[in-house]
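Residue numbers (this note's numbering), protein chains in the order written: chain A, 1 to 336; chain B, 1 to 336; chain C, 1 to 336; chain D, 1 to 336.
It should be emphasised that the hints constitute simulated quantities derived from the structure, not laboratory data. Errors might be hidden in some of the hints.
To be verified - Straight-line Cα separation of at most 20 Å, EDC-like style, residue types lysine to aspartate or glutamate; simulated pairs:
1. K16(C) to E304(D)
2. K46(D) to E22(D)
3. K32(C) to E50(C)
4. K45(A) to E12(C)
5. K61(D) to D158(B)
6. K46(A) to E325(C)
7. K61(D) to E12(B)
8. K119(A) to D158(A)
9. K327(A) to E325(D)
10. K118(C) to D158(C)
11. K45(B) to D138(A)
12. K61(A) to E108(A)
13. K32(A) to E12(C)
14. K61(B) to E216(D)
15. K32(A) to E50(A)
16. K45(C) to D138(D)
17. K61(D) to E75(D)
18. K327(B) to E325(C)
There are 4 protein chains.
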Amino acid sequence: MIIVMCPNSTEEHLRKVEQKIERAGLSYHLSKGESRTIVGVIGDKKVIAELEMNSLEGVEKTVRITEKYKLVSREFQPEDTVVDVRGVKIGGGHLAVMAGPCAVESMEQLREAAAAVKKGGAQFLRGGAFKPRTSPYDFQGLAEEGLQMLQQVGQEYDLRVVTEIVDVNDVDMISQYADVLQVGARNMQNFRLLQAVGRSKRPVLLKRGLSATISEWLNAAEYIVSAGNENVILCERGIRTYETFTRNTLDLSAVAAVKELSHLPVVVDPSHGTGRWQMVRPMARAAIAAGADGLMIEVHPHPEVALSDGDQSLTPQHFELVMHEVKNIARAMERA
Amino acid sequence: MIIVMCPNSTEEHLRKVEQKIERAGLSYHLSKGESRTIVGVIGDKKVIAELEMNSLEGVEKTVRITEKYKLVSREFQPEDTVVDVRGVKIGGGHLAVMAGPCAVESMEQLREAAAAVKKGGAQFLRGGAFKPRTSPYDFQGLAEEGLQMLQQVGQEYDLRVVTEIVDVNDVDMISQYADVLQVGARNMQNFRLLQAVGRSKRPVLLKRGLSATISEWLNAAEYIVSAGNENVILCERGIRTYETFTRNTLDLSAVAAVKELSHLPVVVDPSHGTGRWQMVRPMARAAIAAGADGLMIEVHPHPEVALSDGDQSLTPQHFELVMHEVKNIARAMERA
Amino acid sequence: MIIVMCPNSTEEHLRKVEQKIERAGLSYHLSKGESRTIVGVIGDKKVIAELEMNSLEGVEKTVRITEKYKLVSREFQPEDTVVDVRGVKIGGGHLAVMAGPCAVESMEQLREAAAAVKKGGAQFLRGGAFKPRTSPYDFQGLAEEGLQMLQQVGQEYDLRVVTEIVDVNDVDMISQYADVLQVGARNMQNFRLLQAVGRSKRPVLLKRGLSATISEWLNAAEYIVSAGNENVILCERGIRTYETFTRNTLDLSAVAAVKELSHLPVVVDPSHGTGRWQMVRPMARAAIAAGADGLMIEVHPHPEVALSDGDQSLTPQHFELVMHEVKNIARAMERA
Amino acid sequence: MIIVMCPNSTEEHLRKVEQKIERAGLSYHLSKGESRTIVGVIGDKKVIAELEMNSLEGVEKTVRITEKYKLVSREFQPEDTVVDVRGVKIGGGHLAVMAGPCAVESMEQLREAAAAVKKGGAQFLRGGAFKPRTSPYDFQGLAEEGLQMLQQVGQEYDLRVVTEIVDVNDVDMISQYADVLQVGARNMQNFRLLQAVGRSKRPVLLKRGLSATISEWLNAAEYIVSAGNENVILCERGIRTYETFTRNTLDLSAVAAVKELSHLPVVVDPSHGTGRWQMVRPMARAAIAAGADGLMIEVHPHPEVALSDGDQSLTPQHFELVMHEVKNIARAMERA
């Protein structure tokens with residue numbers, strides 16, 4: 001941590017700063033410049049992480065040098081994490097594709113979607129049984145009945161199942177049916193939920209919050225890993241900006257950033273990331289070109305009758321086209 | 001809902017749109033303009049709320065005309081809601097002030113803070129026992145022990161107690177100690193938590209999410225009210241923008257907006273809203289001038305040793321000054 | 001400037017960093033912590049301002065400690081600047097109000113507006129003759145004819161005239177008619193225009209850019225002052241955020257920030273800041289309570305027929321009400 | 001335009017709305033729903049574009065259905081525009097690459113950069129002679145001397161020259177030296193500059209503003225085209241968001257959006273778009289995969305001594321690597 005003293009701070013102010021640092025068991029270096037005195041704090045990273053200095057008189061500002069997360073950082077583990085979901089690998093150069101309807105509606109719908117998903121070459125069936133919806137009056141999902149359908153159809157088509165968890169009390173129940181527990185964007189900083197899935201061994205797909213910084217996202221992942229679960233897959237799904245043409249702004253530079261800062265695999269959801277089915281195709285290609293380890297895509301056999309997010313769902317025909325192009329890009333990058 | 005057809009859409013496209021509307025039990029008006037055909041959907045608001053039309057061919061875009069929330073809207077209830085917390089009123093022209101430390105640390109700290117809070121004229125003691133922190137390594141709060149302290153000190157100083165709830169399983173437990181359950185910004189769309197506090201009768205302080213629109217915030221309140229709890233107090237606490245000088249951008253126009261759209265009382269938290277103690281004073285004045293029903297302010301007897309958010313906490317001396325000025329503003333607006 | 005070295009940087013990397021600093025005529029302090037080596041650069045602020053170190057190998061990031069602007073900083077000049085516009089003062093506790101139509105349309109419109117503006121107690125008549133409009137097909141203003149009207153009506157009602165300049169070649173021409181040259185939000189970083197008005201002696205009202213940071217805004221002011229014109233008035237007019245209920249998000253904390261960082265006066269434009277006439281009243285009160293030196297408000301005798309921005313214009317009746325309340329707030333803060 | 005009446009609006013309010021529409025020479029359709037009456041305005045698009053209805057009593061809000069731009073829309077011209085720059089084509093499936101230093105510093109620097117640019121396969125040499133810099137104390141460019149160097153080196157290496165224009169008075173002068181006039185992000189809504197380059201025939205590269213919506217960007221292009229210059233190339237260069245890890249957030253979905261809405265070619269600048277040289281490579285690949293017509297990349301022979309933006313400049317070696325990968329992606333998409 002760097003502490004910048006005010007230009008008019010006194011020797012007494014500086015002494016109090018030094019004392020607080022020493023009381024915390026840390027040491028420091030002083031650097032007296034032309035216009036500012038700067039104090040560099042040295043010592044245990046975790047102790048520094050908790051140090052707060054701005055409220056001391058004479059302090060202009062503080063600058064944190066290191067991130068608080070550790071276990072998820074590439075500094076801690078240089079080689080890529082590869083998450084194994086019953087034999088299907090995510091990370092390390094593999095191309096993982098998760099596809100399916102936003103919400104599970106019926107066996108018929110799910111089977112049609114799964115057939116398309118399988119045919120396109122995806123390895124995962126995604127579908128929501130518990131839907132976090134902005135309004136209490138929107139369709140909230142089929143709950144456990146939906147999970148049973150997912151498991152059944154997943155087995156029929158040999159697809160791994162990804163589904164969202166929204167309640168800390170549901171970890172064991174959902175784990176009976178699903179292979180991957182998805183923590184949605186709205187729950188990225190629901191720390192109790194992060195701890196709960198962290199105590200499980202089930203792989204977790206952690207979506208980036210609507211306006212989460214990359215640092216906050218990795219700290220959220222740290223909650224899961226530090227609770228004991230190393231099987232975390234990050235998922236970029238668009239951030240909130242001033243632009244209204246798209247539902248969110250898909251931040252593909254976050255893929256490159258995460259690859260630099262962390263060893264965790266990262267997939268991209270161009271369906272939520274844009275909110276427009278027409279844009280899923282170019283953004284899916286771009287995601288893979290940016291280095292993403294996979295994709296999460298909404299596919300619905302009949303988007304025009306979907307109970308939620310039909311606007312951003314692909315038809316089976318469009319999905320096949322996307323998969324064809326995505327594989328071409330992956331091949332051009334020397335990945336299968 | 002307004003459906004805008006593409007300029008090159010066909011009669012067949014239009015027929016499919018009309019059929020889908022009719023199948024949903026709704027009716028429509030057609031308006032054929034020079035460059036676009038527009039379809040206005042008419043009928044039950046809740047049915048329209050669930051209608052999705054963008055995935056139909058020939059549809060350029062849809063525009064929603066009405067909000068999904070109802071019970072919290074001023075259209076539904078024109079007169080202001082006044083929440084009564086054991087005799088202390090929030091809303092309807094009363095000036096409610098909630099103050100205290102970010103986190104409960106010890107009886108000594110809490111008593112000193114409560115004395116200052118009481119002296120300044122606040123009616124509520126705020127303090128966190130369960131802290132949602134960005135990093136798993138930050139101080140997480142004293143848990144139930146902290147709640148006991150809050151209750152005890154609240155009684156000693158005749159202050160109502162406001163504290164944060166982060167777990168759906170904690171409603172009954174926290175309700176034993178606290179008068180108002182606070183739902184934090186990071187949990188504003190933790191819908192399970194909203195439903196849980198909605199089943200309670202305890203007043204709920206609902207903070208605006210870090211990047212929540214006013215519409216999403218009111219829909220979150222609708223979750224609570226529609227579950228049976230009408231005692232909701234909104235709290236503006238700053239939104240996330242590109243500006244980095246302040247921790248958040250305090251959006252005081254949200255106060256005016258909420259007053260226009262809803263009957264619920266709204267308070268402002270200038271401490272989190274700015275993240276800088278120097279700015280609490282002008283922003284507290286401005287909040288009241290904008291029409292807020294009250295304030296939530298961090299006060300710590302010794303901010304320089306605070307375990308969390310010391311940077312934005314006022315000393316008792318500064319708090320007194322703020323209260324003096326805020327009361328002057330309230331008086332100028334003909335409020336006590 | 002602080003340079004943070006990568007955890008895996010070598011002695012060779014560090015030597016190159018040191019050499020580059022020395023070649024620039026600067027010196028440095030080294031601070032070797034547990035996880036990072038940090039280099040604090042010391043020396044001439046302007047030389048440091050131009051130093052770029054991120055492209056050197058082994059450098060993780062750099063942190064700038066001081067701002068680049070100087071003349072507009074409170075550090076350079078502790079006492080408030082008071083701008084005198086032919087006897088009317090802006091800054092230093094005075095309450096300056098600028099009001100009038102968005103665009104000058106006719107003598108009749110302008111006279112009616114000026115009468116209302118004067119009656120309400122404003123000292124400045126504002127009106128646009130050159131309008132920067134998003135679309136080339138929108139009304140672009142009456143140009144010099146509009147300026148003549150402004151001057152004429154300003155004289156009739158003893159009001160100072162504020163009008164926008166959009167072309168570097170117009171400084172002399174507009175200065176014949178107007179007392180204050182307004183640089184609009186879209187031109188805040190039109191540096192040629194800033195230099196042009198900086199070479200004039202005419203007071204300049206510098207609006208904050210749509211997504212300008214406070215630092216960029218003050219640097220823009222520095223362009224004007226460093227070119228020789230000290231008469232700069234800042235104007236907060238709302239920033240661009242994800243919220244769509246209001247046209248912009250009025251950032252009143254920017255008022256407090258500017259007061260802390262700079263000696264320049266700052267006024268607030270709640271009309272553009274919200275884009276909704278209903279919100280001008282509460283936001284005008286809040287602006288003054290936050291410490292603003294004045295207001296800029298759109299007033300149109302007949303907003304329903306206005307050629308631009310009628311949505312955010314007050315009627316004369318509403319303007320009087322706003323002025324009454326604003327003066328009450330100013331009085332409560334012990335200002336006339 | 002759709003006008004939504006308040007739930008409590010009267011027949012009188014509605015009549016005034018109807019009258020204003022009729023006075024403007026437009027007609028309307030009425031749609032009376034359960035909770036709202038909606039008025040659809042029909043008639044000449046340009047007249048509707050200027051209609052303002054929000055200030056009428058009883059009006060809740062208005063929704064614009066069509067964009068104001070016309071000439072740049074795909075609706076107006078379905079086939080792609082291909083801009084020809086002395087034989088080099090931009091748009092229509094061609095891959096155009098513009099590369100070079102942020103600022104022209106010397107003949108030596110420029111020649112080294114041009115050699116690398118040419119070797120990598122780019123067709124355009126970019127370099128700034130007039131630099132719009134945030135602070136008046138930053139390096140402002142070599143002015144006309146820099147232009148002469150650009151022209152000279154461009155001829156030596158058979159590269160077309162792209163350079164930024166910042167002053168309305170410079171069109172003729174710069175056109176003597178450069179093939180493409182670049183309008184920078186900070187000047188995207190400097191409408192006088194847009195009109196000035198619109199009166200030229202020289203191709204214009206129009207960068208997206210720091211926080212410009214796609215609609216505003218296309219309206220800015222409309223200014224140029226409607227002034228007579230059809231040779232407009234759009235350039236996405238990152239938008240301003242809350243994320244601080246990158247300098248800007250590169251919005252690749254804007255590429256797909258522009259391809260849908262407009263016939264103009266669009267290139268991507270991953271150097272400014274990320275501000276970090278390490279991210280240029282993945283983002284350049286992603287841009288082409290998203291469908292961009294080309295790239296603008298900063299290349300400096302010695303980034304560590306660059307006078308501006310060294311942090312985001314590639315070395316010649318890195319540039320070659322990027323070009324190799326980008327061509328692979330283009331090939332995978334069946335483009336040369």
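20 Å limit on alpha-carbon distance, applied to hinted pair K61(B) and E216(D): holds (19 Å)
Can you confirm whether the C-alpha distance between K61(D) and E75(D) stays at or below 20 Å? violated (27 Å)
Straight-line Cα separation of K45(B) and D138(A) no greater than 20 Å? This hinted pair holds, its Cα atoms lying about 12 Å apart.
Given hint E304(D) paired with K16(C) - CA-CA distance at most 20 Å: holds (10 Å)
Pairwise hint evaluation, E108(A) against K61(A), where the allowed Cα distance is 20 Å at most: violated (60 Å)
Given the hint that K327(B) pairs with E325(C), test it: the Cα-Cα distance must not exceed 20 Å. holds (16 Å)
Given the hint that K32(C) pairs with E50(C), test it: the Cα-Cα distance must not exceed 20 Å. Violated, at about 25 Å.
Are the Cα atoms of K61(D) and E12(B) separated by 20 Å or less? With a Cα-Cα distance of about 32 Å, the restraint between K61(D) and E12(B) is violated, given a limit of 20 Å.
Taking 20 Å as the top limit, are the C-alpha atoms of K327(A) and E325(D) close enough? holds (16 Å)
Sort out whether E12(C) lies within 20 Å of K45(A), counting only the CA atoms. Violated, at roughly 25 Å.
Taking only the CA atoms, is the gap from K61(D) to D158(B) under or equal to 20 Å? violated (47 Å)
Within a Cα-Cα threshold of 20 Å, do K32(A) and E12(C) meet the stated pairing? It is violated: about 26 Å lies between the C-alpha atoms, which goes past 20 Å.
Going down the numbered hints, you'll see the structure goes against 3, 4, 5, 6, 7, 12, 13, 15, 17, while the others check out.
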